[in-house]
Amino acid sequence: MRFRFMRNGIIFEVSPPDRHRLERVVRDRNAAQKHVWRASIILLSADAVGTAAIMRQTGKSKTCVWRWQERFMAAGVEGLLRDKSRPSRIAPLKPDVVERVVALTLTDALDGRPDGRRERDQRQCSAAHLESARPATAPLPAIQAVE
Numbered sequence: 000m001r002f003r004f005m006r007n008g009i010i011f012e013v014s015p016p017d018r019h020r021l022e023r024v025v026r027d028r029n030a031a032q033k034h035v036w037r038a039s040i041i042l043l044s045a046d047a048v049g050t051a052a053i054m055r056q057t058g059k060s061k062t063c064v065w066r067w068q069e070r071f072m073a074a075g076v077e078g079l080l081r082d083k084s085r086p087s088r089i090a091p092l093k094p095d096v097v098e099r100v101v102a103l104t105l106t107d108a109l110d111g112r113p114d115g116r117r118e119r120d121q122r123q124c125s126a127a128h129l130e131s132a133r134p135a136t137a138p139l140p141a142i143q144a145v146e
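Residues 0 to 146 (numbering that gives the first Met the number 0) are what the sequence shown spells out, left to right.
Simulated from the structure, these hints should not be mistaken for lab results. Just so you know, these numbers come straight off a predicted model, no measurement behind them. Errors might be hidden in some of the hints.
Below 20 Å or equal to it, Euclidean Cα-Cα: the simulated EDC-like pairs (lysine to aspartate or glutamate) are [as the list claims (entries may be wrong)]:
no.: 1; residue 1: Lys33; residue 2: Asp17
no.: 2; residue 1: Lys59; residue 2: Asp82
no.: 3; residue 1: Lys61; residue 2: Asp17
no.: 4; residue 1: Lys93; residue 2: Glu77
no.: 5; residue 1: Lys61; residue 2: Asp46
no.: 6; residue 1: Lys83; residue 2: Glu69
no.: 7; residue 1: Lys93; residue 2: Asp82
no.: 8; residue 1: Lys59; residue 2: Glu22
no.: 9; residue 1: Lys83; residue 2: Glu98
no.: 10; residue 1: Lys33; residue 2: Glu98
no.: 11; residue 1: Lys33; residue 2: Glu77
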């Protein structure tokens with residue numbers, strides 16, 4: 000069964016196996032809620048429910064409903080169950096900083112300060128930076144950031 004929506008170019012088909020899979024996602028109590036409402040949008044669309052009614056039933060905006068209808072049209076059920084990749088909000092460390100951090104983690108010498116801390120600029124790397132740097136630079140499985 001094919002469905003055409005008010006917006007131009009939005010045509011998709013929900014096959015019986017796809018419908019069954021989407022219904023299982025909606026019924027699954029352990030499914031991520033974002034997957035549940037995405038599946039609900041498509042199931043309601045397949046039942047020829049209007050956009051306004053879908054918005055009321057799911058609590059999502061019109062653009063959100065349209066976005067997931069388009070995604071289903073383009074990528075099917077798999078497109079609903081995965082998120083698009085996004086760039087990390089933490090920029091990767093520069094190679095010279097990675098080398099300096101690895102060198103600092105491999106040395107035992109402290110600067111002789113009574114509290115045992117190294118210089119301030121050497122402590123500015125977060126654990127996330129260290130984790131992203133570890134696989135490419137150090138074969139050791141346990142590099143730990145200590146503040």
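Against the structure, the hints:
no.: 1; hint: Lys33 with Asp17; verdict: holds, 18 Å
no.: 2; hint: Lys59 with Asp82; verdict: holds, 17 Å
no.: 3; hint: Lys61 with Asp17; verdict: violated, 23 Å
no.: 4; hint: Lys93 with Glu77; verdict: violated, 36 Å
no.: 5; hint: Lys61 with Asp46; verdict: holds, 17 Å
no.: 6; hint: Lys83 with Glu69; verdict: holds, 14 Å
no.: 7; hint: Lys93 with Asp82; verdict: violated, 28 Å
no.: 8; hint: Lys59 with Glu22; verdict: holds, 19 Å
no.: 9; hint: Lys83 with Glu98; verdict: violated, 32 Å
no.: 10; hint: Lys33 with Glu98; verdict: violated, 40 Å
no.: 11; hint: Lys33 with Glu77; verdict: holds, 13 Å
In summary, the structure is inconsistent with hints 3, 4, 7, 9 and 10 from the numbered list given earlier, while agreeing with the others.
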